[in-house]
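A.B. asks: Listed here are the chains, written in short residue letters.
Protein chains: 4
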Amino acid sequence: MSGIWGNKLKISIFGESHGNAIGITIDGLPGGLEINVDNILREMSRRAPGKSKLSTARKEGDMPEILSGLFEGKTTGTPLCAMIRNNDMHSKDYRELKDLIRPGHADYSGKIKYHGHNDYRGGGHFSGRITAPLVFAGAICKQILEKEKIYIGAHIKRIGNVEDKDFSGINLTKELIENLNSEELPVLIKENEEKMRNEILEAKKDGDSIGGIIECGIIGVKAGIGNPFFDSIESTLAHLLFSVPAVKGVEFGKGFEMSKLRGSECNDEYYYDGDEVKTYSNNNGGILGGISNGMPILFKTVIKPTPSISKEQRSINISEKKNGIITVKGRHDPCIIQRAVPVIESVAAIGLVDLIL
Amino acid sequence: MSGIWGNKLKISIFGESHGNAIGITIDGLPGGLEINVDNILREMSRRAPGKSKLSTARKEGDMPEILSGLFEGKTTGTPLCAMIRNNDMHSKDYRELKDLIRPGHADYSGKIKYHGHNDYRGGGHFSGRITAPLVFAGAICKQILEKEKIYIGAHIKRIGNVEDKDFSGINLTKELIENLNSEELPVLIKENEEKMRNEILEAKKDGDSIGGIIECGIIGVKAGIGNPFFDSIESTLAHLLFSVPAVKGVEFGKGFEMSKLRGSECNDEYYYDGDEVKTYSNNNGGILGGISNGMPILFKTVIKPTPSISKEQRSINISEKKNGIITVKGRHDPCIIQRAVPVIESVAAIGLVDLIL
Amino acid sequence: MSGIWGNKLKISIFGESHGNAIGITIDGLPGGLEINVDNILREMSRRAPGKSKLSTARKEGDMPEILSGLFEGKTTGTPLCAMIRNNDMHSKDYRELKDLIRPGHADYSGKIKYHGHNDYRGGGHFSGRITAPLVFAGAICKQILEKEKIYIGAHIKRIGNVEDKDFSGINLTKELIENLNSEELPVLIKENEEKMRNEILEAKKDGDSIGGIIECGIIGVKAGIGNPFFDSIESTLAHLLFSVPAVKGVEFGKGFEMSKLRGSECNDEYYYDGDEVKTYSNNNGGILGGISNGMPILFKTVIKPTPSISKEQRSINISEKKNGIITVKGRHDPCIIQRAVPVIESVAAIGLVDLIL
Amino acid sequence: MSGIWGNKLKISIFGESHGNAIGITIDGLPGGLEINVDNILREMSRRAPGKSKLSTARKEGDMPEILSGLFEGKTTGTPLCAMIRNNDMHSKDYRELKDLIRPGHADYSGKIKYHGHNDYRGGGHFSGRITAPLVFAGAICKQILEKEKIYIGAHIKRIGNVEDKDFSGINLTKELIENLNSEELPVLIKENEEKMRNEILEAKKDGDSIGGIIECGIIGVKAGIGNPFFDSIESTLAHLLFSVPAVKGVEFGKGFEMSKLRGSECNDEYYYDGDEVKTYSNNNGGILGGISNGMPILFKTVIKPTPSISKEQRSINISEKKNGIITVKGRHDPCIIQRAVPVIESVAAIGLVDLIL
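Chains A, B, C and D are the protein sequences, given in the same order. Quick note, the first sequence lines up with residues 1 to 357 if you use my numbering. Quick note, the second sequence lines up with residues 358 to 714 if you use my numbering. Quick note, the third sequence lines up with residues 715 to 1071 if you use my numbering. Quick note, the fourth sequence lines up with residues 1072 to 1428 if you use my numbering.
Keep in mind that the hints were calculated from the coordinates and are not lab data. Any given hint might turn out to be false.
When the alpha-carbon atoms are kept at most 20 Å apart in a straight line, the in silico EDC-like pairs for lysine to aspartate or glutamate are as follows [said to hold, decoys possible]:
no., chain 1, residue 1, chain 2, residue 2
1, D, Lys1392, C, Glu862
2, C, Lys1036, D, Glu1347
3, A, Lys329, B, Glu622
4, A, Lys98, B, Glu532
5, A, Lys74, D, Asp1346
6, D, Lys1169, A, Glu72
7, D, Lys1276, C, Glu898
8, A, Lys278, B, Glu677
9, B, Lys455, A, Glu72
10, B, Lys679, A, Asp275
11, B, Lys678, A, Asp275
12, D, Lys1236, C, Glu971
13, C, Lys918, D, Asp1170
14, C, Lys1025, D, Glu1340
15, C, Lys1035, D, Glu1264
16, A, Lys321, B, Glu633
17, D, Lys1124, D, Glu1264
18, A, Lys278, B, Asp456
19, C, Lys919, D, Glu1234
20, B, Lys522, A, Glu72
21, B, Lys635, A, Asp275
22, D, Lys1349, C, Asp813
23, C, Lys765, C, Glu979
24, D, Lys1169, C, Glu983
25, B, Lys547, B, Asp563
26, C, Lys1035, D, Glu1340
27, C, Lys788, B, Glu532
28, B, Lys431, C, Asp813
29, C, Lys1036, D, Glu1340
30, A, Lys321, B, Glu677
31, C, Lys1025, D, Glu1391
32, D, Lys1393, C, Asp987
33, C, Lys992, D, Glu1391
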């Protein structure tokens, strides 16, 4: 029961890392939406590995084939399904790991859940590769949002010890978002790019990996979007964000920092800027009572360090029921933050379209 | 579209702070479950205000009437509805605020969303009071979980500058959980109780409020519960947690701290403890790939400082379309963390029952 | 898992015949909708028993109390819950039937399903009384539809051997619908009223009951409403109609008659009537490919004869595990068709609002 | 919003008749289920056209490729997606019909719904071809049911003026079901096969088509499956059945005949057959209160005559806004009842698995 989400938009994902194909079906798209396929491919290439020393050498290609729902360049209004063939798989790399349990991966929990029947090769359905279809869907959703003048951007707030500044301190514009989208390591403080690259390369050198934080900002959302309680913006976005493998935390606005604040410091005071209602600060990340207040929607997600590392780790052999030492072979990402950026933006886009449609 | 949640369990909430009643309908409960009503009332009294100087003086009573689904002390298997009458309301306190917009509240976003038709008195449907039915449902879910030897406890990890230690550093037992459940300010380091009380009373003295963090731990969940992607444990719990008013962040295990960690530090290494599979650490909070691994499930939520404060704040008068100064009268909680503890436990219980049924 | 339905509108019902109360929560209503309560009560009184010799003598009162979601006469946009207290219950009538299994009722299937824990008094959650909240919700939905100039009416197509003519042969107008709504036994051929009354009274005299068919017509639905496949108009309405106790068949347009027709007889040919697209016939009941074509939506439902009859019947005693003879005491309806009419209209209204919102 | 259905099982369909591919994603299948692919292909070939003079000459091939969810011959427990490439398409046949509106088809309602953006070629997403993935899913569900000793069979109850007898009058066994499954025109009265064939060929000769009724029976369903109200067996199955193009009526047990019956004739009286509870008759089709009572589940669906006929029909040209005459060229089925049989069985299997899982 892993693959279906949504209210007005319904998305359904499928696929395993080393199976025939991965993909997504999107239902609920309005008919007649002109789809910019180049734009989709650009978004997907932001997530694709193999582009630099910062990520795994596996070349995914990631060329989606649209199977349905598109006719003469426009959405039909009926379900749109896209499929990505799997290739450049080194299944052999994984075969010997069948009975070994990689720490930090879903190998153990998945094996118990599916009674050993899940496809273990390359992480199977748990693979980060399954996020490629999410980026496909996100790219379409971004095109829907852009028609409403809603733009989504993200920067890397932290990798290891390198910390970037917050969106809340700057003027978040469409131009800035476009600039960030074009960077491999998008940051607000220019020097952080080099520092972050070094953090990653150092981890790589050690056969290790490193975690980080992505901050995402959405501009152009009018006040009055969302709902109280179960379909709040926060619930909707967090549901999707936590479905992205490696996400272990989500906070809106000042988030966990609010625990140290007084109400008088945390409340965002209102004023009229001409006819427009604004707040002096944006500690609540543009959301009150689960509903947008017209300020930029801001949230952060933490991405845990890639669990696949070359370093020796203690683990168990589940068929022999004994303890042992494991080394994860194959090609790994020392850091997936930069590849996760378009995934985070994508699920935010999907969530927002569901709320806005 | 605020009030319905769930897959195998379906819950539906209703009510406004100053309307006739608030309540909840729970569908999907198995038939024949003996319900301990005293136990429910005990859980609800943990959330109820008016018990000490730490919370609002409003006395809710909060006596639920079970309208359906219970017969001869046992669940029937058909929908169980419970209603709580509203009383001790000081609606007059709020009337003059009709056009004023309280910073940090849903007054503005809600007014836009519902085109001014929502019940503004006491926050209406946005009131924290609507969490009382959630505690009712949570108390029933806890009883279901206890039959499976699953126990849920929480402590206050932080209020203002006072920080408690983590569950991950201690042995989380049923006994400890029961002890924590009986405290108004449950903490792991005894001295923190007094310190936190002082933080709250100081904020109160200043006509202000203070935020905090709740850490929740769940023991007894076997490996193999949950799903990858959209119905992951994280997605399920976060969806519910973010539907609780005032929650602005959720993290599992080490959460945002993972951004500073290497994979070799963050991965939880496995070993056999006799026949049982365990991990040396529990940085991932008992969840991998969205599925439980048999270790305690651990998560933290941040609760923002109550937005209702007596201090003067800048705001707008939306009918006159002009800026102004606001003072929120009425009875307020200087801190809601201690009252939020049973709410957080409750939605965790609801989410878990949905995954386990 | 009986009580929740809907996509854009979500309804959640609860209650047992002899419990504290029955009711419904409606989520997804737009805010600011002025509710005509008299109108709701009028609709509910159409379903209420005890009005004539044609139905049970039980007086339900059926006075709903709106617990939430209504403020100053208008919907708030947040969940609207209404509750109806149970009274005038003769629980004693049923007590001795605890172990007897009434043929045609859910006594046996329900007992197995809920392992004997369901409330057996008066049919419990299986009681036709639980349709009163559906009429409440339907009355609100009708008010929403009327703003769109959509009107729903029904007549009794058949009771026993008395058959009325079809809506397809006449001009279905708002006026006709209003006339039908005001009749206890609405028919298109005036003489049928008396004939049907006799059919019912004869069945009553014999201690028996009688079944019938209701035809429902909806005018004013524009072309383009609905969806292909799983959210077709037919799927949506049939799902709701079959959730009404006693409904055992649903057909749209000519329905089962189509099995005898050629395509050339069944197809509805198009023409322009000025700018408006119409069809010469309406065999498809206004729906093609699951989507409205602008013609009246027409469907029929069969209501089985009330299973509660005074006549002796063979049945089993499930606690003694032996065969026996049963006589159902208490007050029964010899015919529920006339009381089912507003229920059928109501679920049609609910379904349509869900598709239109 | 056409393509997603289910509670415990979630299915998501996609595709247009002349697009790249059609397919289905099935989520919620348990892991470790051995899939008999030959069996799936046999079921799919029952639906495939081009086998005899009774159906269209289009050869679909209908060879599904399983893209995910199957590993080493068993289900993984994660979403299973199957795709069928479209081929042997004569798109040219349809091009000239772009602006013509075929009576009885979704051409007009779909065009309005999707503002002219739907893929009109071969009926697009409205094509009966999209039922091929449903048969794929149904074949898997049948395999799940067979492990529970639940078997689904169907016969043609009527084509035109030829009427077969009912399942309720005979002893429905696994052997009979297997025999019926192997026939192109499954009937209970042997002579009806030839008569029905003649009805179809006569319609074909006239450039016309003919409708019919399918009766479906399910044996082996234990008492206690299903729910009252919204998730009743009737609601669940009817929802799916009405999503099959051309289905315009569904009735359970005696269905519409019940309108002529007294309660004493319609009620199914109980008796103990040894330890087993049975009923003397099965007028209610094995379902009471939405829940199975252990007797065979019986229902009938009417399939309207194929709307595509060669005969001249009156219609409109929507771009020129004028009336005209239409002749539908291309290859048509004079009757789809025989091809619909496995589709009806399939959606019944899907619905039942959802209720039983």
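A.B. asks: All hints, please: hold or fail.
C.D. replies: Cross-check of the supplied hints:
1. A distance of roughly 26 Å separates the Cα atoms of lysine 1392/D and glutamate 862/C; the hinted pair therefore is violated under the 20 Å criterion.
2. Between the alpha carbons of lysine 1036/C and glutamate 1347/D the distance comes to roughly 11 Å, so the proposed pair stays at or under 20 Å and holds.
3. About 19 Å separates the Cα atoms of lysine 329/A and glutamate 622/B, which keeps this hinted pair within 20 Å; it holds.
4. Only pairs whose Cα atoms come within 20 Å are accepted, and lysine 98/A paired with glutamate 532/B is rejected, the gap being roughly 39 Å.
5. In summary, the hint linking lysine 74/A to aspartate 1346/D is not supported, as the alpha carbons are separated by about 62 Å, beyond the 20 Å threshold.
6. Between lysine 1169/D and glutamate 72/A the CA atoms are separated by roughly 14 Å; this keeps the pair inside 20 Å, and the hint holds.
7. Distance hint between lysine 1276/D and glutamate 898/C is unfulfilled; the C-alpha atoms sit about 50 Å from each other, more than 20 Å.
8. Straight-line distance between C-alpha atoms of lysine 278/A and glutamate 677/B comes to about 16 Å, which keeps the hinted pair within the 20 Å bound.
9. Pair hint lysine 455/B plus glutamate 72/A does not hold up; C-alpha atoms about 52 Å apart against a cutoff of 20 Å.
10. Proposed proximity of lysine 679/B and aspartate 275/A is supported: the alpha carbons are some 9 Å apart, at most 20 Å.
11. Straight-line distance between C-alpha atoms of lysine 678/B and aspartate 275/A comes to about 8 Å, which keeps the hinted pair within the 20 Å bound.
12. For the given pair, lysine 1236/D sits about 17 Å from glutamate 971/C by alpha-carbon distance, which is consistent with the 20 Å threshold.
13. Of the supplied pair hints, the one linking lysine 918/C and aspartate 1170/D is violated, its CA atoms being roughly 58 Å apart against a limit of 20 Å.
14. This hinted pair checks out: lysine 1025/C and glutamate 1340/D have alpha carbons roughly 12 Å apart, not beyond 20 Å.
15. Annotation: proposed proximity of lysine 1035/C to glutamate 1264/D is violated, straight-line Cα distance about 45 Å (limit 20 Å).
16. For a cut-off of 20 Å, the pair hint linking lysine 321/A to glutamate 633/B stands: about 10 Å separates their Cα positions.
17. Straight-line distance between C-alpha atoms of lysine 1124/D and glutamate 1264/D comes to about 14 Å, which keeps the hinted pair within the 20 Å bound.
18. Of the pairs offered as hints, the one joining lysine 278/A and aspartate 456/B holds, with about 16 Å between alpha carbons and a cut-off of 20 Å not exceeded.
19. For the given pair, lysine 919/C sits about 36 Å from glutamate 1234/D by alpha-carbon distance, which is inconsistent with the 20 Å threshold.
20. Of the supplied pair hints, the one linking lysine 522/B and glutamate 72/A is violated, its CA atoms being roughly 60 Å apart against a limit of 20 Å.
21. This hinted pair does not check out: lysine 635/B and aspartate 275/A have alpha carbons roughly 59 Å apart, beyond 20 Å.
22. For the hint pairing lysine 1349/D with aspartate 813/C, the CA-to-CA distance comes to about 16 Å; that is within 20 Å, so the pair holds.
23. Between the alpha carbons of lysine 765/C and glutamate 979/C the distance comes to roughly 44 Å, so the proposed pair goes past 20 Å and is violated.
24. For a cut-off of 20 Å, the pair hint linking lysine 1169/D to glutamate 983/C stands: about 17 Å separates their Cα positions.
25. With a CA separation close to 26 Å, the supplied pair lysine 547/B and aspartate 563/B exceeds the 20 Å bound.
26. Using a Cα cut-off of 20 Å, the hinted pair lysine 1035/C and glutamate 1340/D holds, with the two alpha carbons roughly 15 Å apart.
27. The suggested pairing of lysine 788/C with glutamate 532/B is violated, with an alpha-carbon distance near 50 Å, which exceeds 20 Å.
28. In summary, the hint linking lysine 431/B to aspartate 813/C is supported, as the alpha carbons are separated by about 18 Å, within the 20 Å threshold.
29. For the hint pairing lysine 1036/C with glutamate 1340/D, the CA-to-CA distance comes to about 13 Å; that is within 20 Å, so the pair holds.
30. Restraint check: the Cα-Cα separation between lysine 321/A and glutamate 677/B comes to about 73 Å, which exceeds 20 Å; the hinted pair is violated.
31. Under the criterion of a C-alpha separation no larger than 20 Å, the hint pairing lysine 1025/C with glutamate 1391/D is inconsistent with the structure, at around 66 Å.
32. With a CA separation close to 10 Å, the supplied pair lysine 1393/D and aspartate 987/C stays within the 20 Å bound.
33. Restraint check for lysine 992/C and glutamate 1391/D: the C-alpha separation of about 16 Å stays at or below 20 Å, so the hint holds.
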